[in-house]
Amino acid sequence: MILEKELLMFFQKFLMERGIETDEVSLLGFNFVGSALLDSFEILTMIIALETEFSLMVLPDELVDEKNSTVRGLLKTLLTKSTA
Amino acid sequence: MMFAFRIATSVGIGHLMRMKWLALELQNRGCQSLFILDEQSENLFPFLAEIESELVYLSNSPFSAQEGVQEDAQQCLQLMEKFPDINTIILDSYDLGIEWERVIKSADKKVVVFDDLARQHYCDILFDAKWLGADTPSRYKDKLPDTCRAFLGPQYAILSPAYKNNKNERFLTEVDTKKVLMSLGGGGDLNIIAKLVTVLYQQVTVKNELEIIVVIGPKAENIALVELIAKVNPQVTFLYQPKCLAKYYCQTDLFVGALGTSLYELAATKTPTITFSIAENQQNNYCDLADLGHYFHLSTFDARDAQQVEYFSRLIVSMLDQLPRTRALRAEPTFEVDGTGAVSIVDILLDADSQQIPSAKASSTQYTSDFSDDNERFTLNDSMYIRPVNDKDINHYRQSRNLPNNSERMTIQTEIHPLEHYVWWFNNNRQSYVLYQNEQPLLYIWHQESLVNDKQYIYGGWFTAQGEVPFNVAMLALKWQLEYTQKLFPQGHWLAVINKENKFVNLLNKYMGFSTIAIEDKSFQITQKLFPQASVADFNFVELNFTELSFDTSEE
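Going down the list, the protein sequences come from chains A and B. To convert, note that position 54 of the first sequence is 54 in our numbering; the numbers rise steadily by one, no gaps. With positions in the second sequence counted from 1, the corresponding number in our numbering is that position plus 84.
It should be emphasised that the hints constitute simulated quantities derived from the structure, not laboratory data. Please read these numbers as outputs of a predicted model, since none were measured by experiment. A couple of the hints might just be wrong.
Once the Cα atoms are required to be at most 25 Å apart in a straight line, the calculated DMTMM-like pairs of lysine to aspartate or glutamate come out as [as the list claims (entries may be wrong)]:
id : chain 1 : residue 1 : chain 2 : residue 2
1  : A       : LYS67     : B       : GLU552
2  : B       : LYS594    : A       : GLU51
3  : A       : LYS67     : B       : GLU523
4  : B       : LYS584    : A       : ASP65
5  : B       : LYS291    : B       : GLU394
6  : A       : LYS81     : B       : GLU567
7  : B       : LYS587    : A       : GLU6
8  : B       : LYS594    : A       : GLU17
9  : B       : LYS594    : A       : ASP23
10 : B       : LYS606    : B       : GLU533
11 : B       : LYS587    : A       : ASP23
12 : B       : LYS587    : A       : GLU4
13 : B       : LYS613    : A       : ASP39
14 : B       : LYS594    : A       : GLU21
15 : B       : LYS587    : A       : GLU24
16 : B       : LYS251    : B       : GLU394
17 : B       : LYS594    : A       : GLU53
18 : B       : LYS327    : B       : GLU311
19 : B       : LYS584    : A       : ASP39
Could you build the full structure based on these sequences and the hints that come with them?
The following block contains the structure:
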């Protein structure tokens, strides 16, 4: 539960630093690719930061999975990894 | 049964020749024909020796004038009235069109039109043999009456009967002496061929192993130049104004010449071919030509440019040296031209003449996006796979590489000319692959091995096949490549250069485990040799040992 909150805070902060304001609801629905607000470099920066800060690696195969294109989907995948 | 033909003969005899073969097929089925031709000084009867046709020359007004077109149509109707068996007139003319057709139709006669300019028509049946790939069926959209039936595509190309089921015989045996046929059609500046032949014989090591036959058309220029070259190179011989080239196409290993009217004939005989455009109407899309098994076309070729002539000659040598590859490209086209167009057309004409013509939309070849063969696939997920690039990808590979968003990030940022690309294609050791998503090619990815002081190095790169590649697809492709090359070269050491402006790819490679090569490191010098055009100012030099891969591949 703590990790979930930390991850949500991470995503919100990451987006805010790039000028993307979100609330609790819009954050979960935010689509990394579909929003067209983040370029490839920014998304990869986020993936690397997740690995650095939380030791959670997102594999390329998981990144092409449509389910992980939103904060909600990626969060679920990361939480599953953390408990595995 | 009898058919009238209105054929333009004021400029060239192309229309006349194809209608002659159609009339011959009608004649073989017991039908007669009336040929109505433009007024002219030249007697065309010798060109029509094979058919027993009534021949009439019209005295025409200028076609640009409305009255001239009306008068032409009225004269045709009057001639048709003399032959009660004639109910249909076949039009093959760039000068006459919809207005002429309206006059004929108003007299309750059937009009069949042959066109390749996608003009508007008022006819009962339309044939157009031009192949424009997926755009072929829609060429006449909203340009024909609802009752008109349109038959579109190369299966309606009318060729001489000599091309019917006549295939290149050079496929059948292993040949010692290679034969090249060169032609610029009926005219052209033979200085182009003279330059090519001269450079070609400088490049061939055993001159006796290459025979060149040059076609001399009736309106060819600089004939003396090529004749002079033949005195120095006795392997060069000439065909003066040949009536039909079918048997020569069947007995040559490679045809080199202008695109023009030989396109479908060469497709029918499956003769390996290099063509270039010498006229505006010879511009074609690479993909459309490839559908016919023709992969080597130069939309521009300047024989005054010594480097282009040099590359052209090297391409000829390369294709002859690798004839099995060259022939294989011709052997299985997406679209077969079998030289039976006239037979198919007569089937339609006779059927249409005996039945009510049903209202129907255009019927043409179904275009399939059969981009290439898929002998070996590496499935990445439900929608993505990677396959090795094959020779059918030759043009798409170059077109993709030349896309601005690719070339501006490469070590060579200028556009690669087709000639340079083709020569490279036949002589490189690169292993290239193409990644598909939902059956669309997204990116090309390649690697190559290099042994330096017994140490195995791998270098490579990737570029988009169309538009931007999504970041996650690029990641997946690079991961696949590293895993794949790890299996092939377990002791290999990866070297690469990345444009400093390309922030994403720099970060991606770092994420995958690549690290910067120090200038004093020996890997740096090797990388410089592998990428001689990459400057330190513009490119990052990076390396990877497989032990440093950032993801676990042990499960695969």
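These are the hints, each one checked on the structure:
For the suggested pair A:LYS67 and B:GLU552, the alpha carbons sit about 21 Å apart, so the restraint of at most 25 Å is met. Simply put, B:LYS594 and A:GLU51 have alpha-carbon atoms about 14 Å apart, close enough for the 25 Å limit, and the pair holds. With a CA separation close to 21 Å, the supplied pair A:LYS67 and B:GLU523 stays within the 25 Å bound. Taking the CA atoms of B:LYS584 and A:ASP65, the gap is about 29 Å. The hint is violated against a cut of 25 Å.
Taking the CA atoms of B:LYS291 and B:GLU394, the gap is near 17 Å; set against the 25 Å cutoff, the hint holds. With a CA separation close to 23 Å, the supplied pair A:LYS81 and B:GLU567 stays within the 25 Å bound. Under the criterion of a C-alpha separation no larger than 25 Å, the hint pairing B:LYS587 with A:GLU6 is inconsistent with the structure, at around 28 Å. Proposed proximity of B:LYS594 and A:GLU17 is supported: the alpha carbons are some 23 Å apart, at most 25 Å.
Simply put, B:LYS594 and A:ASP23 have alpha-carbon atoms about 33 Å apart, too far for the 25 Å limit, and the pair is violated. At most 25 Å may separate the alpha-carbon atoms for a hinted pair to count; B:LYS606 and B:GLU533 meet this at roughly 17 Å. The hinted pair formed by B:LYS587 and A:ASP23 fails the criterion: a straight-line CA distance of about 30 Å is larger than 25 Å. Annotation: proposed proximity of B:LYS587 to A:GLU4 is violated, straight-line Cα distance about 30 Å (limit 25 Å).
Distance check on the hinted pair: B:LYS613 and A:ASP39 sit about 33 Å apart at the alpha-carbon level, beyond 25 Å; violated. The hinted pair formed by B:LYS594 and A:GLU21 fails the criterion: a straight-line CA distance of about 29 Å is larger than 25 Å. The hinted pair formed by B:LYS587 and A:GLU24 fails the criterion: a straight-line CA distance of about 31 Å is larger than 25 Å. A threshold of 25 Å between alpha carbons decides the hint, and for B:LYS251 with B:GLU394 the separation of about 31 Å lies outside it, so the pair is violated.
Between the alpha carbons of B:LYS594 and A:GLU53 the distance comes to roughly 17 Å, so the proposed pair stays at or under 25 Å and holds. At most 25 Å may separate the alpha-carbon atoms for a hinted pair to count; B:LYS327 and B:GLU311 meet this at roughly 20 Å. For a cut-off of 25 Å, the pair hint linking B:LYS584 to A:ASP39 stands: about 17 Å separates their Cα positions.
Violated hints, listed in ascending order, are 4, 7, 9, 11, 12, 13, 14, 15, 16; each of the other numbered hints is respected by the structure.
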